[in-house]
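A.B. asks: If you read the protein sequences in the order shown, they are chains A and B. According to numbering that gives the first Met the number 0, the first sequence holds residues 0 to 659 in order. According to numbering that gives the first Met the number 0, the second sequence holds residues 0 to 659 in order.
Do not take every clue at face value.
[To be verified] DSS-like, lysine-lysine: derived pairs with alpha carbons at most 30 Å apart:
hint : chain 1 : residue 1 : chain 2 : residue 2
1    : A       : 508       : A       : 602
2    : B       : 508       : B       : 602
3    : A       : 442       : A       : 516
4    : B       : 442       : B       : 508
5    : A       : 602       : B       : 516
6    : A       : 516       : B       : 602
7    : A       : 442       : B       : 442
8    : A       : 602       : B       : 508
9    : B       : 442       : A       : 602
10   : B       : 442       : B       : 516
11   : B       : 54        : A       : 602
12   : A       : 508       : A       : 442
13   : B       : 602       : A       : 508
[What the hints assert, rightly or not] Covered stretches of chain A (in silico footprint by chain B; criterion: 3 or more residues with CB under 8 Å from a CB of chain B, positions within the stretch not fixed):
hint : segment
14   : 398 to 404
15   : 524 to 530
16   : 592 to 602
[To be verified] If you want the footprint, here are the derived chain A segments under chain B, 3+ residues with CB under 8 Å:
hint : segment
17   : 125 to 135
18   : 171 to 179
19   : 268 to 275
20   : 309 to 318
21   : 488 to 500
Since the hints were made in silico from the structure, they are not lab data. Using N, Cα and C, we set each Cβ at its ideal position, and we do this for glycine too.
Residues per chain, in single letters:
There are 2 protein chains.
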Amino acid sequence: MADLAQLRRVFDGHWGWVRDEAREALRRPEFGLAGVLGPDEHRQHVREQLQQLAKVGHSRLGFPTRYGGAGDTGASVVSFEMLGYGDLSLMVKSGVQWGLFGGAVQALGTERHHERYLPAIMSLDLPGCFAMTETGHGSDVQHLRTTATYDPHAQEFVVETPHESARKDYIGGAARDARLAVVFAQLVTGDETHGVHAFLVPVRDHDGQPCPGVRIEDCGGKAGLSGVDNGRLWFSGVRIPRENLLNRYGDVAADGTYSSPIENAGRRFFTMLGTLVRGRVSVAGGAGSATQTALSIAIRYGQVRRQFSAPGQEREVTLLDYLTHQRALLPALAKTYALRFAQEGLVRTLDELQPADGVPPHGVEKSLPDDEGERAQRELEARAAGLKAVATWHASATIQACREACGGAGYLTENRLPQLRADTDVFTTFEGDNRVLLQLVAKGLLTGYRDQLGDLDAFGMVKFYADQVWEVVAERTSARNLVDRLRRLGEADLRNREWQLALLEDREKHVLEGLAKRLRAAGEPGADAFAVFNGAQDHVLRLARVHVERILLEAFTAAVEGCEDADVRALLDRVCTLYALSTIEADLAWFLGHGRMTAGRAKRVTGEVNALCRELRPDAALLVDGFGIPEDWLDAPIAQGAEATRQDEQQAHDDAIAAG
Amino acid sequence: MADLAQLRRVFDGHWGWVRDEAREALRRPEFGLAGVLGPDEHRQHVREQLQQLAKVGHSRLGFPTRYGGAGDTGASVVSFEMLGYGDLSLMVKSGVQWGLFGGAVQALGTERHHERYLPAIMSLDLPGCFAMTETGHGSDVQHLRTTATYDPHAQEFVVETPHESARKDYIGGAARDARLAVVFAQLVTGDETHGVHAFLVPVRDHDGQPCPGVRIEDCGGKAGLSGVDNGRLWFSGVRIPRENLLNRYGDVAADGTYSSPIENAGRRFFTMLGTLVRGRVSVAGGAGSATQTALSIAIRYGQVRRQFSAPGQEREVTLLDYLTHQRALLPALAKTYALRFAQEGLVRTLDELQPADGVPPHGVEKSLPDDEGERAQRELEARAAGLKAVATWHASATIQACREACGGAGYLTENRLPQLRADTDVFTTFEGDNRVLLQLVAKGLLTGYRDQLGDLDAFGMVKFYADQVWEVVAERTSARNLVDRLRRLGEADLRNREWQLALLEDREKHVLEGLAKRLRAAGEPGADAFAVFNGAQDHVLRLARVHVERILLEAFTAAVEGCEDADVRALLDRVCTLYALSTIEADLAWFLGHGRMTAGRAKRVTGEVNALCRELRPDAALLVDGFGIPEDWLDAPIAQGAEATRQDEQQAHDDAIAAG
């Protein structure tokens, strides 16, 4: 039996100390779940908790030390992730203030903004919001319609909402609390438009009244996250000083001359967006926490809840002893571990590429990366997009499965699953619509392919774990001898990790090559490029999915190989195998259809997944305990022994009757 | 272009008049959606609407004419289904009062109960509840623990909750409104227990106070359905007259002698349950209505919402022109039609086998069916179980897909998708947990197989549509020449309906045979029957799923062939093909792994699904209009042109700028 403390150490990863500190701090009563509140009370409650978070230093983690921050990007993401075990409204609200709003000031602003605003942002003296999305443009933010037109006489920008679909929409913090907004708008100076830039626009005065020219509306009820005050903003001739342009990547001189270190407007905009990638990384992490909570509740319930008798068994059968119940929960549990390890790697890369103290205080040029740095940044963005999409869909599906696995009890608010489901639901479409994100991932892969940038797989995970461990994996997964390896491993035991890795790698390579060929048609003379691309859209999404599945298996494999404790390693190895085989099982049609597997072997995959569910069943409770969620946070009656007590009481009663 | 009125006629089916009447009646302001209400106000509002429903005659439909009912079982189910376009709390609440509570009195009681209670149940003068589920027993209701022990001296039953997990739980109506409960309890007389029977137990007096010995608790918040007052009930020495036993299938004489026309306690109980099958049929129908509403909203939005430019296109691309968007919504739309036609057949069978005027007023024996009748009843129960499971999962998945397809707008309460999702969520586990229901379906198929009851497929759908139409289909699907047919059709066009039908029929046959073989091991000496059954549980669920998929395709095919209007027929034929091919596509691993299809053909299936999406895209709006949901009920801003107006306004603004 693996040791729980050892398991947690592996699960916790590099920022275990942040997790431990959060476990201590957040169990204080002021961070407890509030129970059912009306929207106004909920918002007020969350706002007060946010103030407490600022006090315990949560808000400082990701900001530069020279302004009073802790200068630890990774810690800020992990701390956010820890909030995901509690009220997700608080998590999102903190993300808005310190991640999106504060993060934009930090990443897109320069010293004048940092000095003036960051301390007040950290302390929450200056609550803000991040006004990017418009009603008409959510995915295609490069084509936002809000304008900020420079007036050289007044040395001011005039911010304008030109028509109804250009209103800012769904903006967290806008409906109630925000005083300052980072507004994304087309920068216009003279006759020229220079693309979307970020501007600091005061939206409320000290009394909480909308500033002149600003109209604010509440978005009203939502499926969940009722503690977050999402709102809409309209600007009508709102004037802001020239200095309110966040000018790291583009500036306007007093006379109206525009300058930028990046000539191409599109490239400039995507460079700006890239600095905000932390938001996606954080959402992936938060989705993981919510998923882990749901699994903890459902698996604990499945461990004690009984239903139906079986011949030869004295008591009724425990739910988790049924194969269908195991099938509903255990592969999801395995994927949750896989995502945790991939997330760990992602946060490490983010921490390395976007150090909190790394933003240069002056000017712009010095912050531009070299080619290698830019490739690394692109890789980070693609990985963040892919993991965010997969992690948030996994959260929706898994929390749903947990709800159903708990039957009527799972539908009750007191057992938390409804709120988890409703709160996380929007994760699949905010911070980037998942389907759009997967297209970004695929685009990255295709670009790499076309440009012959070399082995796409070599970068990324390699850095996240000890080089030595990785070399073993990298050796196995190098494309060079892929065909040979597959041939050699083709009849290997299904649990053979090398075979699983080679299989997923080969699938990705094949899907990528096929798509590249298919899209080549778009470049032919007279081709309808949109029709070609659109017709291949399912192929595009498939490429991104199989790519992320490979990434997950590699991350999990590396984590297992890095395990020092032999028992934990053996346990996680088996969990990893369940992840691998249930992933392969879900796509058997492809492996069969492309001659990668015989029918007999494919059939055995299903048998093996069943066998692994059976084998892991005794460790299910340990595996959810491995998440390290403090007991107080699992305050669902069905997760806390009420059901077990009732079942025992019933048994005692039945026994008494049987004894006459 | 198919004619909308003609399409609606086909969609509406036999009880089109009920649907038209409901469309008229329910658009009256008192049935309007209430908007966001607190739970207390919502319950009060729903209670008032329920009273209005009684006034407009909704409640009479399914009850016998001799007590003032309309004697139309089918109409009562369809009328319930129509409520599914509005506030689902009202639908469920009406189902509790007139379906579950009233239905149990009607189906399990005899004349003395009918005379005394049915008029007051219809008029809502007597609000009631259906107290079957206990905290400890939800799926395995044969082993409920509540007892009703006969006391011959007082000629009373004493109802008792023996321990905590025997409390009645999640009981709709219990927390606030119900005065009388149909309580399911183990009937004990003398030293003998005769299994679960239903008893009428007063739970509240005229002032709304709990009756002596009855404890009532509110279940509190739920994911959705906040207008339904679900509660818990405990009984402590509650005495009720002997006559309160609903005695159609079992009675106790004054001296305590038990009698029943059905000797075996298990068979007796399942016979009783079988009379309550209308509940599952109704839930399947209600799930359909909610699904249709969600699809109408998402498809209308997808028709006007634009995002991203494409080369050579003047305006941004409409969402529904993207293949991924079509993929997310159109196969779901096709399956929604398939379910509608299968539901129509199911309601017809129910109406035939359980006519509202058919319950004999006296005694029991006459109501027992002959062998043929019993087989038909079993078939009805299996089909209701299967369609309920598939329809409710389809509702969850489709409403979710619709929510995501509408992005942030889909997360707003005003656009209704959150409420639809949350309200329907419990449908997958109430009125029978879907996984348990699928096991019932499979059991029915296996039993039929073992007993050589002949062609399982011949009964069922056959009766639902004109015999002549059916004969054609039946000829094609008769098992006799299946192998020949498949060989002959193996290279037919993928859109060939004969091939699709044969393929699904063959798959079911193969899965059934394989499972039968596998389970045979349980009968061998020394076998662990539970382990054998449990190990095959995924196979069991698969059998039920492929069975229902075949049923759906047959029902859809029959509906198309019965279409008189050529244009509507052509349109629905294509929708049916999309249903067939997307169903086949989802299980390509099986068809490939079992040599039913070559890799090349399998690949073409995906291409054909894409092609069908493209072909049906222009008809998407017509197809959702075919549901006939009145405009007032689609009161989501994104479904009512607000978005279109905004997009046009933006375009006008852009054009003005372009013109200089």
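A.B. asks: If you check each hint against the structure, which ones fail?
C.D. replies: Those not satisfied are hints 7, 11, 18, 19 and 21.
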